[in-house]
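Chains P and A, in that order, give the protein sequences.
Position one of the first sequence corresponds to residue 689 (my numbering), numbered consecutively onward.
Position one of the second sequence corresponds to residue 689 (my numbering), numbered consecutively onward.
These aren't lab readings, by the way, just hints derived from the structure by calculation.
Incorrect hints may appear among the rest.
As the list claims (entries may be wrong) - Listed next, the in silico EDC-like pairs over lysine to aspartate or glutamate satisfying Cα-Cα at most 20 Å (straight line): (1) A/943 with P/755; (2) P/782 with P/771; (3) P/701 with P/713; (4) A/793 with P/761; (5) A/981 with P/945; (6) P/943 with A/945; (7) P/793 with P/822; (8) P/709 with P/1016; (9) A/782 with A/882; (10) A/709 with A/977; (11) A/793 with A/882; (12) A/782 with A/771; (13) P/943 with P/977; (14) A/793 with A/755; (15) A/714 with A/771; (16) P/981 with A/761; (17) P/709 with P/693; (18) P/714 with P/755; (19) P/793 with A/761; (20) P/782 with P/822; (21) P/1006 with P/713; (22) P/943 with A/976; (23) A/943 with P/976; (24) A/709 with A/948.
What the hints assert, rightly or not - Partial list, computed: chain A residues near chain P (C-beta under 10 Å): (25) 858; (26) 881; (27) 883; (28) 932; (29) 984.
To be verified - Derived CB-CB ranges, DEER-like: (30) A/882 with P/734: 41 to 47 Å; (31) P/711 with A/984: 38 to 44 Å; (32) P/762 with A/881: 40 to 46 Å; (33) A/987 with P/900: 18 to 24 Å; (34) P/1004 with A/881: 56 to 62 Å; (35) A/984 with P/690: 41 to 47 Å; (36) P/734 with A/980: 28 to 34 Å; (37) A/790 with P/998: 44 to 50 Å; (38) A/1014 with P/877: 54 to 60 Å; (39) P/763 with A/882: 50 to 56 Å; (40) A/987 with P/970: 19 to 25 Å.
All C-beta atoms in this analysis are idealised placements derived from N, C-alpha and C, irrespective of residue type, glycine included.
There are 2 protein chains.
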Amino acid sequence: MTTIELTLGDIEKLAREVFTKNGCDKTNTAALVQTVVAAECDGAMSHGLFRVPGYIASLRSGKVRGDANPRVENTTPALIRVDGDNGFTPLSIKRGIPALTTAAKTVGIAAMTITNTHHFAALWPETEAIAAHDLIGLACVCYMPFMAPFGGNRPLFGTNPISFAWPRPGKNPMVIDMATAAMAQGEIQIAARDGHKVPLGTGLNASGDQTTDASDILKGMLLPFGGYKGSAIALMVELLAAGATGEQFSFEAVKTDNGDGGPPRGGEFFLAISPEMLAGSDWVTHCEEFFAKYESIDGARLPGQRRHNNRMSDAPRKINRQLVEQIESLCDS
Amino acid sequence: MTTIELTLGDIEKLAREVFTKNGCDKTNTAALVQTVVAAECDGAMSHGLFRVPGYIASLRSGKVRGDANPRVENTTPALIRVDGDNGFTPLSIKRGIPALTTAAKTVGIAAMTITNTHHFAALWPETEAIAAHDLIGLACVCYMPFMAPFGGNRPLFGTNPISFAWPRPGKNPMVIDMATAAMAQGEIQIAARDGHKVPLGTGLNASGDQTTDASDILKGMLLPFGGYKGSAIALMVELLAAGATGEQFSFEAVKTDNGDGGPPRGGEFFLAISPEMLAGSDWVTHCEEFFAKYESIDGARLPGQRRHNNRMSDAPRKINRQLVEQIESLCDS
Chain P
689 MTTIELTLGD IEKLAREVFT KNGCDKTNTA ALVQTVVAAE CDGAMSHGLF RVPGYIASLR
749 SGKVRGDANP RVENTTPALI RVDGDNGFTP LSIKRGIPAL TTAAKTVGIA AMTITNTHHF
809 AALWPETEAI AAHDLIGLAC VCYMPFMAPF GGNRPLFGTN PISFAWPRPG KNPMVIDMAT
869 AAMAQGEIQI AARDGHKVPL GTGLNASGDQ TTDASDILKG MLLPFGGYKG SAIALMVELL
929 AAGATGEQFS FEAVKTDNGD GGPPRGGEFF LAISPEMLAG SDWVTHCEEF FAKYESIDGA
989 RLPGQRRHNN RMSDAPRKIN RQLVEQIESL CDS
Chain A
689 MTTIELTLGD IEKLAREVFT KNGCDKTNTA ALVQTVVAAE CDGAMSHGLF RVPGYIASLR
749 SGKVRGDANP RVENTTPALI RVDGDNGFTP LSIKRGIPAL TTAAKTVGIA AMTITNTHHF
809 AALWPETEAI AAHDLIGLAC VCYMPFMAPF GGNRPLFGTN PISFAWPRPG KNPMVIDMAT
869 AAMAQGEIQI AARDGHKVPL GTGLNASGDQ TTDASDILKG MLLPFGGYKG SAIALMVELL
929 AAGATGEQFS FEAVKTDNGD GGPPRGGEFF LAISPEMLAG SDWVTHCEEF FAKYESIDGA
989 RLPGQRRHNN RMSDAPRKIN RQLVEQIESL CDS
């Protein structure tokens, strides 16, 4: 694999051009560009430019609207519903978060559902946006069947990521963002592309047998992380992302999707919680004592720190050359 | 290990006697007995009579009040705060759940914190009680440092259980209830008592080395399930149970505890969410289609089913003979 170096400015320009040239209006483009650049900035290459060909495929096939106009509605003082108008999720998130955080600051906790959208990115942008308001953030989505429940040998779940952000005023939040699969879909796609083997236990081939071949797993299925306990968390994510939003479960999404390689229609579930209103004004001091204790343990790292460290650098990012060429060609046609 | 058979009525009677004889008033006794009997009924032996000597130790040492009078307060339309008055948690839960579920039915979502209590039981009784109102339930607690974060070799977390219940009107709810440790503390105590080895990866000895000896792990520390991802879930539980409640983190609880063998003072965090208000009136049909799909996969079992199957039986339960004799002797002195 050969890479080329692009500055964050180059990445932004490339992303802006490809979305604009493929039918995205200004507001949708801005939200998508921000999502792609944030991923590359944080070194999460499986969620940055890597996703662009999929986004473009779905714009070109007409599955997803580049001019979607999401509508935000407070259905109760603690519930927010966003109808994504059949667009990609970033603009829905951008419009929904202010309503969600305002509600959580007012009554202490709020939930938000986004429906009628297509999610194809990491989840930390939204949970960090919630944590920026000194609120605890949680978000999850499902996808298409790509993972078997523990004990089973047929895919049912998406890779079902969950993100949880804990606010640390004056510092970067503590941010968990992980697939509940043994490996994230983007990571396994990259392993397959680059010909890398993956650890045993990552997934099964199409016949339901264990394999270390990433391509065979892409044709078969992933397994949940951590055996039956990880499978339980994947199930919780599936139920929140689809059952609690009223949007498609993964097994439904695969039936309605047109197979263009972009994200299927699906829902996203959010929570925002005020630690101040629950625990009182001492909460920051109390929690920072805990974080100090955590960080005093040799070898123990807080989730999200690698990304936050990457974010500090304005050095050019190494991007797969073929990918850049592919995106450039998508700007032309 | 020899066992004797006790009917659920025998278990209830024994539990009632031991709590009453050790200073519990009627309301606290009723809540505790219900918790112990529910655990034995469901075959969760590590959370039933097995816990009684610990409960009694804390009543006798004066750490926990047998006549606690928990107070429930709605601080906003979506937040409930319960002060447990330094008792065991079951009575606080019993008094708090109606306020929590009423709030969730009114505004769609509610959170509850219980502080100033001592939790020593499973979590499914509370999440099932929430699900009985057709609400999604979540609960979590921490404990005393007994588990190292992933990569570390010093204990920081409790075994940090989380429970999540999904309502299925007319059926038993889907209920997850699991330690985020590779093995629950009660299970490892029982393995140590019975001289059983545990799988490698369950925990470390006091020097921070891997071991399969349950007694050595009790002197050392457990590990999270599922590597760094399970560790992230354990961290989320610790933050919700202590950071969001304002109660003690595990590392604080061990400092204030008197070491009597009963549970330390700690908090409990709850969520209740209305799927109907979020997803609309079709939610039951929609989710039952998903559960049918899940159950159609060979080898895939929904969490909680074993317990619910056990619950159907009114046959006598096999209880460790020594344990029964110990509890009987605690009734006398």
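Evaluated hints:
Restraint check: the Cα-Cα separation between residue 943 of chain A and residue 755 of chain P comes to about 58 Å, which exceeds 20 Å; the hinted pair is violated. Of the supplied pair hints, the one linking residue 782 of chain P and residue 771 of chain P holds, its CA atoms being roughly 13 Å apart against a limit of 20 Å. Between residue 701 of chain P and residue 713 of chain P, the direct Cα distance comes to roughly 15 Å. Compliance with the 20 Å bound is thereby established for this hinted pair. The hinted pair formed by residue 793 of chain A and residue 761 of chain P meets the criterion: a straight-line CA distance of about 19 Å does not exceed 20 Å.
Of the supplied pair hints, the one linking residue 981 of chain A and residue 945 of chain P holds, its CA atoms being roughly 18 Å apart against a limit of 20 Å. With a CA separation close to 55 Å, the supplied pair residue 943 of chain P and residue 945 of chain A exceeds the 20 Å bound. A hinted pair counts as satisfied when its Cα atoms are at most 20 Å apart, and residue 793 of chain P with residue 822 of chain P qualifies at roughly 9 Å. Between residue 709 of chain P and residue 1016 of chain P, the direct Cα distance comes to roughly 11 Å. Compliance with the 20 Å bound is thereby established for this hinted pair.
Distance check on the hinted pair: residue 782 of chain A and residue 882 of chain A sit about 34 Å apart at the alpha-carbon level, beyond 20 Å; violated. About 50 Å separates the Cα atoms of residue 709 of chain A and residue 977 of chain A, which puts this hinted pair outside 20 Å; it is violated. For the suggested pair residue 793 of chain A and residue 882 of chain A, the alpha carbons sit about 46 Å apart, so the restraint of at most 20 Å is broken. Only pairs whose Cα atoms come within 20 Å are accepted, and residue 782 of chain A paired with residue 771 of chain A is accepted, the gap being roughly 13 Å.
Distance hint between residue 943 of chain P and residue 977 of chain P is unfulfilled; the C-alpha atoms sit about 49 Å from each other, more than 20 Å. Note on residue 793 of chain A and residue 755 of chain A: the hinted pairing is violated, with a Cα-Cα distance of about 31 Å set against a maximum of 20 Å. For the hint linking residue 714 of chain A to residue 771 of chain A, the alpha-carbon distance of about 19 Å falls within 20 Å, and the restraint holds. Restraint check for residue 981 of chain P and residue 761 of chain A: the C-alpha separation of about 32 Å exceeds 20 Å, so the hint is violated.
Note on residue 709 of chain P and residue 693 of chain P: the hinted pairing is violated, with a Cα-Cα distance of about 23 Å set against a maximum of 20 Å. Distance restraint check for residue 714 of chain P and residue 755 of chain P: the Cα-Cα separation of roughly 8 Å lies within the 20 Å cut-off, and the hinted pair is therefore satisfied. Proximity of residue 793 of chain P to residue 761 of chain A is assessed by CA-CA distance (about 19 Å); at most 20 Å being required, the pair is judged to hold. At most 20 Å may separate the alpha-carbon atoms for a hinted pair to count; residue 782 of chain P and residue 822 of chain P meet this at roughly 17 Å.
Of the supplied pair hints, the one linking residue 1006 of chain P and residue 713 of chain P is violated, its CA atoms being roughly 28 Å apart against a limit of 20 Å. For the hint linking residue 943 of chain P to residue 976 of chain A, the alpha-carbon distance of about 18 Å falls within 20 Å, and the restraint holds. For the hint linking residue 943 of chain A to residue 976 of chain P, the alpha-carbon distance of about 18 Å falls within 20 Å, and the restraint holds. Under the criterion of a C-alpha separation no larger than 20 Å, the hint pairing residue 709 of chain A with residue 948 of chain A is consistent with the structure, at around 18 Å.
Interface restraint check: residue 858 of chain A against chain P, minimum CB-CB distance 16 Å, threshold 10 Å, status violated. For residue 881 of chain A, the interface hint is violated, since its Cβ never comes within 10 Å of a Cβ in chain P; the closest pair sits about 23 Å apart. The interface hint given for residue 883 of chain A is broken, as the beta carbon of that residue sits about 25 Å from the closest beta carbon of chain P, more than 10 Å. About 5 Å separates the beta-carbon of residue 932 of chain A from the nearest beta-carbon of chain P, less than 10 Å, and the hint is met.
A least Cβ separation of about 8 Å between residue 984 of chain A and chain P falls short of the 10 Å threshold, and the interface hint therefore holds. Taking 41 to 47 Å as the suggested C-beta distance range, the pair residue 882 of chain A and residue 734 of chain P conforms, at roughly 46 Å. Checking the proposed 38 to 44 Å range against residue 711 of chain P and residue 984 of chain A shows it holds: the Cβ atoms sit about 40 Å from each other. For the pair residue 762 of chain P and residue 881 of chain A, the beta carbons lie near 54 Å from each other, so the given range of 40 to 46 Å is not met.
As the Cβ distance of residue 987 of chain A to residue 900 of chain P is approximately 22 Å, the hint placing it in 18 to 24 Å holds. For the hinted restraint 56 to 62 Å between residue 1004 of chain P and residue 881 of chain A, the CB-CB distance of approximately 60 Å keeps it satisfied. A C-beta distance of roughly 46 Å is found between residue 984 of chain A and residue 690 of chain P, which places it inside the suggested range of 41 to 47 Å. For residue 734 of chain P and residue 980 of chain A, the Cβ-Cβ distance of about 33 Å falls inside the hinted range of 28 to 34 Å, so the restraint holds.
For the hinted restraint 44 to 50 Å between residue 790 of chain A and residue 998 of chain P, the CB-CB distance of approximately 46 Å keeps it satisfied. Our hint of 54 to 60 Å for residue 1014 of chain A and residue 877 of chain P holds, since their Cβ atoms are close to 57 Å apart. Between residue 763 of chain P and residue 882 of chain A, the C-beta spacing of about 53 Å keeps the proposed range 50 to 56 Å intact. In this structure the supplied range 19 to 25 Å is violated for residue 987 of chain A paired with residue 970 of chain P, their Cβ-Cβ distance being about 48 Å.
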